[in-house]
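Residue-level listing of the chains:
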Amino acid sequence: KAGVTQTPRYLIKTRGQQVTLSCSPISGHRSVSWYQQTPGQGLQFLFEYFSETQRNKGNFPGRFSGRQFSNSRSEMNVSTLELGDSALYLCASSLGQGRDQPQHFGDGTRLSIL
Amino acid sequence: GESVGLHLPTLSVQEGDNSIINCAYSNSASDYFIWYKQESGKGPQFIIDIRSNMDKRQGQRVTVLLNKTVKHLSLQIAATQPGDSAVYFCAEWQRSGTYKYIFGTGTRLKVLA
Numbered sequence: 015k016a017g018v019t020q021t022p023r024y025l026i027k028t029r030g031q032q033v034t035l036s037c038s039p040i041s042g043h044r045s046v047s048w049y050q051q052t053p054g055q056g057l058q059f060l061f062e063y064f065s066e067t068q069r070n071k072g073n074f075p076g077r078f079s080g081r082q083f084s085n086s087r088s089e090m091n092v093s094t095l096e097l098g099d100s101a102l103y104l105c106a107s108s109l110g111q112g113r114d115q116p117q118h119f120g121d122g123t124r125l126s127i128l
Numbered sequence: 005g006e007s008v009g010l011h012l013p014t015l016s017v018q019e020g021d022n023s024i025i026n027c028a029y030s031n032s033a034s035d036y037f038i039w040y041k042q043e044s045g046k047g048p049q050f051i052i053d054i055r056s057n058m059d060k061r062q063g064q065r066v067t068v069l070l071n072k073t074v075k076h077l078s079l080q081i082a083a084t085q086p087g088d089s090a091v092y093f094c095a096e097w098q099r100s101g102t103y104k105y106i107f108g109t110g111t112r113l114k115v116l117a
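Listed in order, the protein sequences are those of chains A and B. Under this note's numbering, the first residue of the first sequence carries the number 15, and numbering increases by one thereafter. Under this note's numbering, the first residue of the second sequence carries the number 5, and numbering increases by one thereafter.
None of these hints come from the bench; they were simulated from the model. Bear in mind the structure is a predicted one, so any value in this text is a computation, not a measurement. Glycine included, each C-beta is placed from N, C-alpha and C at the ideal position. There could be a bad hint or two in this list.
[To be verified] Here chain A is said to cover these stretches of chain B; the calculated rule only asks that three of the stretch's residues, wherever they fall, bring their Cβ under 8 Å from a Cβ of chain A:
{"id": "1", "region": "14-26"}
{"id": "2", "region": "49-58"}
{"id": "3", "region": "99-113"}
My request is simple: use the sequences and hints to build the entire structure.
Here is the structure:
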């Protein structure tokens with residue numbers, strides 16, 4: 015079956031703009047998590063959604079937000095973009111929430127801020 | 005392709021040899037662990053997982069060992085192939101505070117022909 019799909023693959027924005035990234039989980043998976051990956055910080059947890067509700071949140075400013083739809087698809091929004099937001103944004107889905115639930119990742123959206 | 009990490013520890017292994025990649029985890033209460041492989045330009049790919057009630061788990065050409073006493077995880081790859089070249093991450097499930105996976109910094113595996 016199809017894996018996790020993230021769109022777009024690449025995005026270039028300028029400081030101050032906002033951006034929306036999309037994630038379609040594996041069919042039947044109800045949990046979607048978002049991560050930011052940078053060379054300096056590695057993989058950092060942003061938030062997790064399950065049944066359209068944000069269940070957990072990492073240590074990122076309020077400019078980073080997300081939502082999940084009834085079909086489990088998720089979007090992530092970053093407002094007032096900063097240069098430091100340049101990163102690979104990864105979405106991962108799992109059957110359910112939390113422990114013992116292996117997460118399966120998409121190939122990410124590469125966001126570059128000019 | 006994109007660089008996952010510019011200053012990752014690197015393990016260079018001759019093709020056909022066995023590889024051992026190590027990971028120290030942070031929380032003694034963590035009870036579930038995953039190894040991921042990330043190739044250039046792609047997202048992390050699930051390799052194998054292990055629960056804390058186990059010391060060892062085997063997959064196809066891979067074995068994960070868990071030493072809870074010293075909070076250490078290792079991934080062994082048998083008969084390493086060029087296609088194994090990638091960055092490998094361990095992840096632990098954190099049950100305190102924010103429930104989330106914590107990822108290690110990663111190890112770059114280079115397979116020499």
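Confirm or reject the coverage of the region 14-26 of chain B by chain A under the rule of 3 or more residues with a beta carbon closer than 8 Å to the chain's beta carbons. Since 0 is below three, the answer is violated.
Is the listed coverage of the region 49-58 of chain B by chain A valid when you require three or more residues with a beta carbon under 8 Å from a beta carbon of that chain? This one holds; 4 residues, not fewer than the three required, reach chain A with a Cβ under 8 Å.
Under a C-beta cut-off of less than 8 Å, do 3 or more residues of the region 99-113 of chain B approach chain A closely enough to confirm the stated coverage? holds (count 10)
Hint 1 alone, counting from the list given before, is not met by this structure.
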